[in-house]
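For chain E, the structure is supplied; the task is to place chain A on it using the hints.
2 protein chains.
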Amino acid sequence: MQELIKKANEEAVGRLLKAQPTLVGIGTAGADIPNMTKKTILHAGPPVKWEDMSGPLRGAVIGGLIYEGLADDFDSASALAASGEITFDSCHHHDAVGPMAGVVTYSMPVWIVENKTFGNKAYCTLNEGLGKVLRFGAYQEEVVERLKWMEEVLGPVLKETLALVGEIDLKTMIAQVTQMGDEGHNRNKAGTSLLIRELAPHLVRVNYDIETISKVFAFMHSNDHFFLNLTMPACKCSLDPAGGVKYSTMVYTMARNGTEFGIRVSSMPDRWFTAPAEIIDGLYFPGYSPADANPDIGDSVITETTGIGGFCMGAAPAIVQFVGGTPQDAVNYSKSMYEITLAENNTYKIPALNFRGSATGVDIQKVIETGILPIINTGIAHKDPGVGQVGAGLVNPPMKCFEDALEAYVEMLEKEGVIK
Amino acid sequence: MQELIKKANEEAVGRLLKAQPTLVGIGTAGADIPNMTKKTILHAGPPVKWEDMSGPLRGAVIGGLIYEGLADDFDSASALAASGEITFDSCHHHDAVGPMAGVVTYSMPVWIVENKTFGNKAYCTLNEGLGKVLRFGAYQEEVVERLKWMEEVLGPVLKETLALVGEIDLKTMIAQVTQMGDEGHNRNKAGTSLLIRELAPHLVRVNYDIETISKVFAFMHSNDHFFLNLTMPACKCSLDPAGGVKYSTMVYTMARNGTEFGIRVSSMPDRWFTAPAEIIDGLYFPGYSPADANPDIGDSVITETTGIGGFCMGAAPAIVQFVGGTPQDAVNYSKSMYEITLAENNTYKIPALNFRGSATGVDIQKVIETGILPIINTGIAHKDPGVGQVGAGLVNPPMKCFEDALEAYVEMLEKEGVIK
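As you go down the protein sequences, you meet chains E and A in turn. Using the numbering used here, read the first sequence as starting at 1 and increasing by one per residue. Using the numbering used here, read the second sequence as starting at 1001 and increasing by one per residue.
Source of the hints: derived by calculation from the structure; they are not laboratory data. Accuracy of the hints is not assured; some may be wrong.
In silico lysine-lysine, DSS-like type, Cα no more than 27 Å apart, as pairs [as the list claims (entries may be wrong)]:
no. : chain 1 : residue 1 : chain 2 : residue 2
1   : E       : 132       : E       : 39
2   : A       : 1159      : E       : 349
3   : E       : 132       : E       : 49
4   : E       : 159       : A       : 1215
5   : E       : 215       : A       : 1159
6   : A       : 1335      : E       : 349
7   : A       : 1215      : E       : 215
8   : A       : 1335      : E       : 335
What follows is a set of in silico ranges between Cβ atoms, one per label pair, in the way DEER data are often shown [as the list claims (entries may be wrong)]:
no. : chain 1 : residue 1 : chain 2 : residue 2 : range
9   : A       : 1289      : E       : 4         : 23 to 29 Å
10  : A       : 1354      : E       : 270       : 28 to 34 Å
11  : A       : 1006      : E       : 205       : 58 to 64 Å
12  : E       : 34        : A       : 1281      : 41 to 47 Å
13  : E       : 49        : A       : 1332      : 53 to 59 Å
14  : E       : 6         : A       : 1281      : 43 to 49 Å
15  : A       : 1335      : E       : 270       : 49 to 55 Å
16  : A       : 1321      : E       : 140       : 46 to 52 Å
17  : A       : 1289      : E       : 403       : 58 to 64 Å
18  : A       : 1332      : E       : 6         : 36 to 42 Å
19  : A       : 1152      : E       : 339       : 55 to 61 Å
20  : E       : 384       : A       : 1335      : 23 to 29 Å
The following residues of chain A were derived to be distant from chain E, with all beta-carbon distances above 10 Å [as the list claims (entries may be wrong)]:
no. : residue
21  : 1198
22  : 1217
23  : 1221
24  : 1317
25  : 1351
26  : 1403
Each residue gets a CB set at the ideal place from its N, CA and C atoms; glycine is no exception.
The shape of chain E in the complex, shown without the other chains (with noise of 0.2 Å):
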């Protein structure tokens, strides 16, 4: 039996260990997000209902039905919210992964990546930046006038420009990442200067005008995070193949709605193991304290289900001036991985660890033989609606997903008849 795993696992970690993430395009998520309405709305996580949604996440639903002209304001939202009128769903069940809150509606413009090796792919929606954002709840008007900027000219500016600079290897570009002090989660100062300039000979030929132009590097160059709507969707996509291999139990996703925790293992592929969401031991933005946290929140977790992220942060030294701790806790942090994982990634290294490839590939078995959680950097939504970021830290999973994960994992192989 153990033998059965053994090769299973290997299985699931090879098709991760394989994927080519690629960037092919842009689209909209009414357009190209497999089953998407007018009135459906995508968020982050395991599924939630209306009445179960944590602050931040209902602030984002709230932005997004008057981003869609389907409410006026608060009140309108939230009752149209509560109407069941709304269908609800997990990113993940369509092909799609948000950060933070997550919220995807249908008019958003989506990065589309594909993997290259397996032919499916994943979208997620523009970085918008710091500040009021809708992926931390905020929906003022402010939040809403810039989601409409990026759908009539953000979006249809970078398309134009892909569709000129052609496809882009997102696995070479993150692989050079961390080799540039990212870790593809919380720090992706590399990335988006990477991004910018593979864009920049080509973003200038687009047929918009020059303060457009303009704008829109203005709009890139602002936000250090605009590559972390790239990392996810490459992780997502290249995770994706990972699941349905009989026997394996590996975990290839993990995510969060603000309320729970939530994991799927790669032999159950429909299944969610969730419990709730762990507040975030990080560090503050001035005026705000774990009082004001929300818990954990958000599908960008998906690029530690990838090994990067958390589990690569030994080659992210500095991104510690923004989640605490020092060098050698983040080089500790990526270390302690191996203990839970099943491979070392050949394509995303870490320079300090002597480029030994980052932990890849969490196994449920591994994570309750040893006590270890996977480690997780995260940005730290306010609880209330509206209010935004109000710092950024590391998490854990809570345990008892694992714990749930294995359980039914037993319960399926004594199903069928592989144990007694």
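This is chain A only, laid out in the frame that chain E set:
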């Protein structure tokens, strides 16, 4: 007397630490660099006569004469160079620095970097890119054509861009790149990326056609060393005010002309202490070996003199893939430099050393006492004119430079009656 020296060195290194290198514009060598004529050729390193010049420096001189229209080909340029009609001088005698051969001629566009604290300026040509380039001693038609394009297009476009951008604080930018895997000498990928994204929103607004603007972006994007020619004058203008502090034993210039390595010491600011340049221990491109190598060449060691470059290799672990060794070696090189320096940099910091400031301000006394020589990472030029780069690696200055400098320093103290 020790107190006298200590105070002098505090003053010298204090001036270096207080520097505020700032990119203020682009000019031309002829119009902006002091004391240039159509027949002046500046070169890297201490002064050297035509007959003593190494192959790559001769190649670059020949290319420079052809570029300026003073000669038609190798033979006529060689004859002119040997005729006595050309004024050869060290870049350092003209507030300038140049990578590798470092040849600067009248018509070349130059970055203008000002030390805002002291008001002095430094100049450097724009980086030509990889392959056959003047700085490695190539002088073929493609080299000269590229220089013409840089004069007629690249320089003017960037000059107009900078007029829109305003000044760029290079100290902050260099501080950022040392958090992004660059050390500012042989790894400039982050720096080049940050520069491009800083310029982009403004570059699109210059009064040139789209194809030209696109080509300028593509040129910068194609060359990860583009930023080197900004770190160099940033370092040069940071160091120059530290020259001329009475009794200071701090090195404020290190430079090589391909034949000799030379240093200058703060308290004897106009005197070069030279010795034959060393052969570089490094990784060679396929088809080349140490037998092809020219001795150490270039003004780029101004980065190490300022405390970045080789001194900051611990911040740039990925560089070992280019110059040899392991990331731990890189950290060890950075650590050992604290033994021979006067201060830790207040701005350029090494994440792997828990953000310790890079070792800054080489003291000739400490070099002699410890026997530890400054560590330099550098490109390797072919010894013959016209070939180009053949590898990259690590090198030290000859100990003799420091021995002679200390001897001269002691003589000076004796002459002044400070010691008997």
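Results for each hint:
| no. | hint | result |
| --- | --- | --- |
| 1 | E/132 to E/39 | holds (24 Å) |
| 2 | A/1159 to E/349 | violated (39 Å) |
| 3 | E/132 to E/49 | holds (25 Å) |
| 4 | E/159 to A/1215 | holds (21 Å) |
| 5 | E/215 to A/1159 | holds (21 Å) |
| 6 | A/1335 to E/349 | holds (24 Å) |
| 7 | A/1215 to E/215 | holds (20 Å) |
| 8 | A/1335 to E/335 | holds (23 Å) |
| 9 | A/1289 to E/4: 23 to 29 Å | violated (53 Å) |
| 10 | A/1354 to E/270: 28 to 34 Å | violated (46 Å) |
| 11 | A/1006 to E/205: 58 to 64 Å | holds (60 Å) |
| 12 | E/34 to A/1281: 41 to 47 Å | violated (57 Å) |
| 13 | E/49 to A/1332: 53 to 59 Å | holds (57 Å) |
| 14 | E/6 to A/1281: 43 to 49 Å | holds (45 Å) |
| 15 | A/1335 to E/270: 49 to 55 Å | holds (53 Å) |
| 16 | A/1321 to E/140: 46 to 52 Å | holds (48 Å) |
| 17 | A/1289 to E/403: 58 to 64 Å | holds (60 Å) |
| 18 | A/1332 to E/6: 36 to 42 Å | holds (40 Å) |
| 19 | A/1152 to E/339: 55 to 61 Å | holds (60 Å) |
| 20 | E/384 to A/1335: 23 to 29 Å | violated (48 Å) |
| 21 | 1198 | violated (7 Å) |
| 22 | 1217 | violated (4 Å) |
| 23 | 1221 | violated (5 Å) |
| 24 | 1317 | violated (3 Å) |
| 25 | 1351 | violated (3 Å) |
| 26 | 1403 | holds (37 Å) |
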